[in-house]
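Enquirer: Those protein sequence lines, which keep their order, are chains S and A. Take the first sequence: its letter number 23 is residue 23 in my numbering, and every next letter is one higher. Take the second sequence: its letter number 106 is residue 106 in my numbering, and every next letter is one higher.
All clues given are correct.
In silico DSSO-like links for lysine-lysine, alpha-carbon gap of 27 Å or less:
no., chain 1, residue 1, chain 2, residue 2
1, A, K98, S, K66
2, A, K98, S, K41
3, A, K2, A, K67
4, S, K41, A, K70
5, A, K42, S, K41
By construction, these hints were calculated from the structure, which means they are not laboratory data.
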Amino acid sequence: GAVVSQHPSWVICKSGTSVKIECRSLDFQATTMFWYRQFPKQSLMLMATSNEGSKATYEQGVEKDKFLINHASLTLSTLTVTSAHPEDSSFYICSARPGTDLGDYGYTFGSGTRLTVV
Amino acid sequence: QKEVEQDPGPLSVPEGAIVSLNCTYSNSAFQYFMWYRQYSRKGPELLMYTYSSGNKEDGRFTAQVDKSSKYISLFIRDSQPSDSATYLCAMRSSSASKIIFGSGTRLSIRP
Chain S
1 GAVVSQHPSW VICKSGTSVK IECRSLDFQA TTMFWYRQFP KQSLMLMATS NEGSKATYEQ
61 GVEKDKFLIN HASLTLSTLT VTSAHPEDSS FYICSARPGT DLGDYGYTFG SGTRLTVV
Chain A
1 QKEVEQDPGP LSVPEGAIVS LNCTYSNSAF QYFMWYRQYS RKGPELLMYT YSSGNKEDGR
61 FTAQVDKSSK YISLFIRDSQ PSDSATYLCA MRSSSASKII FGSGTRLSIR P
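Model the full structure from these sequences, guided by the hints.
Expert: As structure tokens, then:
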């Protein structure tokens with residue numbers, strides 16, 4: 001149980017275009033989802049926390065107009081990188097908090113999306 | 001000072017060795033402690049979790065938490081080449097949903 005599906009797994013886009021990444025909880029409802037960014041050989045950097053039906057909470061230094069997060073349902077959150085530039089190239093990972101006891105500890109992660117902006 | 005400190009490694013040990021991975025933290029409010037394993041180009045997967053202080057064992061893995069020293073450990077017995085990955089410690093307080101991650105330790109098990 002507690003599976004999170006993230007798509008696409010990799011994407012290449014041209015500079016200036018927008019890219020949408022989807023994160024779905026397949027077998028549980030996730031009231032809270034998290035979006036991370038990870039650079040090579042570095043740890044996960046939390047970008048924002050999204051709660052179903054409300055605006056996302058962004059971490060300091062993350063541009064909310066550039067990284068649009070929508071959490072429209074209890075099983076789906078999306079991250080849209082708007083007007084992408086090469087410096088936005090990175091590995092983006094979502095995670096979801098199950099509404100069970102395990103949700104106290106083990107937020108389930110998606111498999112990640114490798115974004116390359118050319 | 002970072003809230004969670006973890007030696008990035010890399011750490012290379014021979015197959016069959018006991019591996020010890022550690023993290024220190026500064027926030028005494030942390031109550032939930034986790035260890036994640038991440039293979040290259042994949043999302044992290046939850047490996048072990050504990051609440052407050054104490055030990056927890058699951059197969060070849062043992063997690064320890066010493067809240068008095070603000071120190072957590074993960075031990076891997078009879079290490080296998082398939083254990084080669086990056087191991088991230090993570091923790092959070094009872095009042096916050098945000099998990100704080102260590103920087104991760106890259107582990108390599110030599111056949």
